[in-house]
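Q: These protein sequences, in sequence, are chains P and R.
In this text, residue positions in the first sequence follow this note's numbering: the first is 1, and each later residue adds one.
In this text, residue positions in the second sequence follow this note's numbering: the first is 404, and each later residue adds one.
Simulated from the structure, these hints should not be mistaken for lab results.
Where hints are given, some of them may not hold.
[Unchecked claim] Straight-line alpha carbon distances no greater than 30 Å define the calculated DSSO-like cross-link-like pairs of lysine-lysine that follow:
(1) P/K152 - P/K192
(2) P/K102 - R/K497
(3) R/K466 - R/K497
(4) R/K466 - P/K247
(5) R/K659 - R/K762
(6) R/K568 - R/K536
(7) R/K837 - R/K821
(8) R/K568 - P/K247
(9) P/K102 - P/K166
(10) R/K814 - R/K770
(11) R/K466 - R/K536
(12) P/K249 - R/K568
(13) R/K659 - R/K466
(14) R/K659 - R/K569
(15) P/K45 - P/K102
(16) R/K858 - R/K836
(17) R/K770 - R/K630
(18) R/K534 - P/K247
(19) R/K659 - R/K674
(20) R/K659 - R/K759
(21) R/K759 - R/K814
(22) R/K770 - R/K466
(23) R/K823 - P/K102
(24) P/K282 - P/K45
(25) R/K1063 - R/K466
(26) R/K858 - P/K102
(27) R/K674 - P/K282
(28) P/K166 - R/K534
(29) R/K536 - P/K249
(30) P/K45 - R/K497
(31) R/K759 - P/K249
(32) R/K674 - R/K497
(33) R/K466 - R/K630
(34) R/K823 - R/K889
(35) R/K536 - P/K247
(36) P/K45 - R/K534
(37) R/K821 - R/K770
(38) P/K249 - R/K534
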Amino acid sequence: MTTDALNEKHSKLDKLQLMALSGLMVIGALFVYSATYANPVEAQKTWYAQIWFRQVIWYGVGLGAAMALCTVSYHTLARWSFVFYWAMILCLVAVLIPFIGKTHGWGARRWIDLPFYQFQPSEFAKVAFVLAGANFLSRPPEELRQGLIFWKGMGLMLLPFVLIMKEPDLGSALVLVPTGLVMMLVAGTPQKYLVRLIGVVGVLGLLLVGDILLAPPALRIPIHDYQRQRLLVYFGQDFAPANATQKQKAEARELQHKSSYQGQQAMISVGAGGMWGAGWGKGKQTSLQFMPSGSAHNDFIFSVIAEEEGFVGSLLVLTLYGVILFTGLRIAGQARDRLGKLVAAGVVTLLFSHIFINIGMNIRIVPVTGIPLPLLSYGGSSVLCSLIALGLMQNVYMNRRGY
Amino acid sequence: MLVVDELKKNDPQLRLLALLLAGGFFVLITGLWWVQIVSAREYQNHLEMQAYRTIRMPAVRGKILDREGRVLAENRARYNLSLYFDDLNDEFTKEFERLRPVNVVTKGPPFWEFWSHAKTVQTNRTRLTQKQKDALMWQARYNVVNRITADVGHRLGQPLALDFKKFVFSYQQERAMPFTILTDLDGGQIARFQENFAGDLGANLVLQSVRSYPGGTTAAHLLGVLKQDDSSLDGEESFFNYRLPDYRGVTGVEGKFNSELHGRAGGVSVKVNSMGYRQSEDVDTPPVPGQNVTLTVDLDLQRAAEAALDAYSQQHHVNVNGAVVVMDVRNGDVLAMASSPTFDPNDFAQGISTEKYAKLQELQAEKNRATFENYAPGSIFKTVVALAALENGLNTAETYRVEADPTRPGKGCIWIGKRKIDDTAPPGDYNFKKALIHSSNAYFIHHGMIVGVPKIIRIGEEFHLGERTGLFANQETAGHLPSAAKVASRDWRDGDTANLCIGQGDVDVTPIQIAVMISAIANGGTVWRPRIVARIEPQDPATGGTATVFSGGRVWDRLTVHPRSLNILRDAMLDDVASSEGSGRDAAVPGLNIAAKTGTAQVQDDRNRLIGHNYWFASFAPYESPKYAVVVLVQSATEGGSGGSTCGPIAREVYQEILKKETAGKNLVAAK
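Construct all of the structure, not just a fragment, from the sequences and the given hints.
A: In structure tokens form, the structure reads like this:
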């Protein structure tokens, strides 16, 4: 340890961010275990085959990948960014082909089965988009005034957006929008473009919601039934049409119950946690399988933490995320060039979008949509991509000094 | 603040982004605070509600014991064979997979194996709609449970069938509860089950407490019947998801002391998972067992009284309508109270068949004839007339000539105005004693008319005839005695007085009232409130709790008559049994001096047609120091009986049992 290493300005890595990161990984391993140990199928497996341990392995793999990325400057990576981007676009197209893309029983074609793991291209596409977007937008601000460049930038975002929507994976597609918008903002896109863009996005969003809630069946945009139902649940709408028969009403009520079940159970878990929670491994919602065992360790890991550790635990998780995101912003501020700043800002926004949507759906701030909680939710692709994204950020930090 | 410092010198875009992040975090934290702190209670309740099912556990009902602690009503363990659905979940799934239709597909080899010319045969699951899946799942569940039921039946040697509807109901409504497939296993079946296949079927023995009356019909009316009633009593938890069968006493002691016998039901929470299957159980509030009730009744006397009524029924090939009451004249304790026809309260506790119930209804077997029916007293009411006359200064030696009935040779009669009243006694001269033991109507009507009806009514009122004794609130009639105002009115005729003097017409009594009356005559004038429950005490003395003792000898009233009058009456009653001419001689038991008054009353229907007779035998013993009052009533539709010849033998059997106990030194000491 030299004084240099202790000096924040000259430290090689952002230690504060790394500490928060380690904290989250410990929490992740602990609660993936807690969410799955009561599952009889899981309990029969030897310890190294259990889900929590696989999560630990993914943390290792992710950290390795992040470190590997830090060995080359982000400038070099940015030069290859379009290669990554188009490769991911290719994967996203491939995943839509029935023989290649797999549904794993979830009704959406999102995975490509590799011998050792189920590869989820949409996760990687998000990171590739951040890198490619940053590279594209790092050109001089004057060029961004040109309509053509603006539309190219838009296209860069819309292409993966449409493909991911097609899977369908509404949540993953939607996080691309704020990420893209923020990167454009940080890049210095003229305000009038941005205001218009936000206006258009807002109007489109309102139209979409209005269409789903109010339009007669003939005029509805074609989205999956379950997506529509989730939105109806979120907006507290009755499933049954006004002129439904008694039987239809009963069916609609049952469907409504089914559709709102997950979100409701998540909210019960979170609320029942109270201030201090039930204690680690003592949550009833998962052990009694009210929280469906397929999603407790996955998209709804936060509900497990909140039930077992209470409001205090929730605050701890939010604090750790806060540290990562605000150190991320600091890295963006300290970056030596526009590219670095855009990469860091993009990663921060991407992570924040995930966090906000995921925790928000646990407490009914946003509709239920399948989106992982970075670093905590179980899932190889998600963990790997989150760590790669953080690696990129550290890369920017390491290379902040202009020689 | 490092972050802020950095941002200050940077461009406004990053500052905007930081603001957005801060805003987002603020929204999340506020939301979490709202859900986890402000509304926590609500969600915890919701969690409890979906994860727990509460069950009402009835308390063990208290026993009913006779005065010596012999059991009249208790609880029997009943073993049911039950399944827990949570144990069968895997079986359900397996059966479902087995039932699920498949289609076999033969596919060509994949291109990289085409030279091998192999064909792959693949079985695919047929796609099913949700409805088809649900129907198939029900079928699977039913198959599994039905298979186990049939298997159990086969191995226990008792064919069993599973009702689909009952199964569906139980699965939907009571999934966390044991599902009973066979109730009330006998000892052999339990042994066979335990030895051969306990545990390997998913079936368990579940213990259930059932009310049991070891004596069968013994004291049935006294004990009363239970009715299934699972509702919560006052002061008990009132919300439960499930209720185990519980019972409420309706009649008799079971009914009157239901709240003491019943105890307090407790509650059990069963933790269930999202499928509704049972995970674990917790006792929230343990049930508080009911208290034991000790009666004043003596089981031997009770049996003897019932056996005597039963013997009469056997002998005459009828289901006799009758009652026997035995009372301790020294304190009013009811020592026996029998009513016929009778029934078995076990039938009510364990479920009675409709035919059996219809038969009981037809016989009015549930009615306690000792308390719950008005009967014309007939000649036993002459004791009241006698006391009124004696108080009025009747000269017992003076005779009254009964004139002969011109239409019935050898029988007497008396004229009241233009109306002739028959006498069963022959014409001739009668003094008091002779009139009593021959039960001369003419003599008592004559003297009753002299005394005047108001004085007779006053004596009747001192005996509290026409009032409920209060033994069983909802199973007692008051009898009837005309009021002083009524007999003073213009509508009251001499003929009515004449009728009243021989216990006919406007007067009705119950056997328990007569027992109270005879006791007062025997004991020198104390009218007791009859007592049937001696004490109520906790089932387990170790657990503490207070016993309630109902003191015996509660004085209801004291006769205002002179002791001399009572002595004269008792003396005459002794002769009624002891004398060879006495109407009660059939009751005589050697070694015991019994004093009695017999009676026969005509029973008329609404149109004044004779439909039967009430035969009475009202007695006490021993004459020297009275202890027991025995009252027998038999109602018969046939002619030719009499109080002495019909009821005397029944009373004799009771007295024989009394004598047996007395000589064995087990004299029934009056309870303190």
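Q: All hints are to be evaluated individually against the structure, with a verdict given for each.
A: Quick rundown of the hints versus the structure:
1. For a cut-off of 30 Å, the pair hint linking P/K152 to P/K192 stands: about 17 Å separates their Cα positions.
2. Between P/K102 and R/K497 the CA atoms are separated by roughly 26 Å; this keeps the pair inside 30 Å, and the hint holds.
3. Proposed proximity of R/K466 and R/K497 is contradicted: the alpha carbons are some 48 Å apart, above 30 Å.
4. With a C-alpha separation of about 53 Å, the suggested pair R/K466 and P/K247 falls outside the 30 Å cut-off, and the hint is violated.
5. The hinted pair formed by R/K659 and R/K762 meets the criterion: a straight-line CA distance of about 26 Å does not exceed 30 Å.
6. Among the hinted pairs, R/K568 with R/K536 is consistent with the structure: their alpha-carbon atoms are about 19 Å apart, no more than 30 Å.
7. Note on R/K837 and R/K821: the hinted pairing holds, with a Cα-Cα distance of about 27 Å set against a maximum of 30 Å.
8. This hinted pair checks out: R/K568 and P/K247 have alpha carbons roughly 22 Å apart, not beyond 30 Å.
9. Restraint check for P/K102 and P/K166: the C-alpha separation of about 14 Å stays at or below 30 Å, so the hint holds.
10. Taking the CA atoms of R/K814 and R/K770, the gap is about 38 Å. The hint is violated against a cut of 30 Å.
11. For the suggested pair R/K466 and R/K536, the alpha carbons sit about 52 Å apart, so the restraint of at most 30 Å is broken.
12. This hinted pair checks out: P/K249 and R/K568 have alpha carbons roughly 25 Å apart, not beyond 30 Å.
13. Between the alpha carbons of R/K659 and R/K466 the distance comes to roughly 14 Å, so the proposed pair stays at or under 30 Å and holds.
14. Proposed proximity of R/K659 and R/K569 is contradicted: the alpha carbons are some 35 Å apart, above 30 Å.
15. Using a Cα cut-off of 30 Å, the hinted pair P/K45 and P/K102 holds, with the two alpha carbons roughly 25 Å apart.
16. Restraint check for R/K858 and R/K836: satisfied, since their Cα atoms lie roughly 21 Å apart, inside the 30 Å limit.
17. At roughly 16 Å between alpha-carbon atoms, R/K770 and R/K630 fall within 30 Å of each other, so this suggested pair holds.
18. At most 30 Å may separate the alpha-carbon atoms for a hinted pair to count; R/K534 and P/K247 meet this at roughly 14 Å.
19. A threshold of 30 Å between alpha carbons decides the hint, and for R/K659 with R/K674 the separation of about 38 Å lies outside it, so the pair is violated.
20. Between the alpha carbons of R/K659 and R/K759 the distance comes to roughly 25 Å, so the proposed pair stays at or under 30 Å and holds.
21. Of the supplied pair hints, the one linking R/K759 and R/K814 is violated, its CA atoms being roughly 47 Å apart against a limit of 30 Å.
22. Between R/K770 and R/K466, the direct Cα distance comes to roughly 23 Å. Compliance with the 30 Å bound is thereby established for this hinted pair.
23. Proximity of R/K823 to P/K102 is assessed by CA-CA distance (about 112 Å); at most 30 Å being required, the pair is judged violated.
24. A C-alpha spacing of about 21 Å is found between P/K282 and P/K45, which places the hinted pair at or below 30 Å, so the restraint holds.
25. For the hint linking R/K1063 to R/K466, the alpha-carbon distance of about 28 Å falls within 30 Å, and the restraint holds.
26. With a CA separation close to 107 Å, the supplied pair R/K858 and P/K102 exceeds the 30 Å bound.
27. Distance restraint check for R/K674 and P/K282: the Cα-Cα separation of roughly 14 Å lies within the 30 Å cut-off, and the hinted pair is therefore satisfied.
28. The straight-line distance between the Cα atoms of P/K166 and R/K534 is roughly 29 Å, inside the 30 Å bound, and the hint therefore holds.
29. Of the pairs offered as hints, the one joining R/K536 and P/K249 holds, with about 21 Å between alpha carbons and a cut-off of 30 Å not exceeded.
30. Our distance criterion of 30 Å between C-alpha atoms is met by P/K45 and R/K497, whose separation comes to about 21 Å.
31. Pair hint R/K759 plus P/K249 does not hold up; C-alpha atoms about 48 Å apart against a cutoff of 30 Å.
32. For the hint pairing R/K674 with R/K497, the CA-to-CA distance comes to about 25 Å; that is within 30 Å, so the pair holds.
33. Of the supplied pair hints, the one linking R/K466 and R/K630 holds, its CA atoms being roughly 17 Å apart against a limit of 30 Å.
34. Distance hint between R/K823 and R/K889 is fulfilled; the C-alpha atoms sit about 24 Å from each other, no more than 30 Å.
35. Between R/K536 and P/K247 the CA atoms are separated by roughly 19 Å; this keeps the pair inside 30 Å, and the hint holds.
36. Our distance criterion of 30 Å between C-alpha atoms is broken by P/K45 and R/K534, whose separation comes to about 34 Å.
37. Straight-line distance between C-alpha atoms of R/K821 and R/K770 comes to about 41 Å, which puts the hinted pair past the 30 Å bound.
38. For the suggested pair P/K249 and R/K534, the alpha carbons sit about 17 Å apart, so the restraint of at most 30 Å is met.
Taken one by one, the earlier hints fail for this structure at numbers 3, 4, 10, 11, 14, 19, 21, 23, 26, 31, 36 and 37, listed in ascending order.
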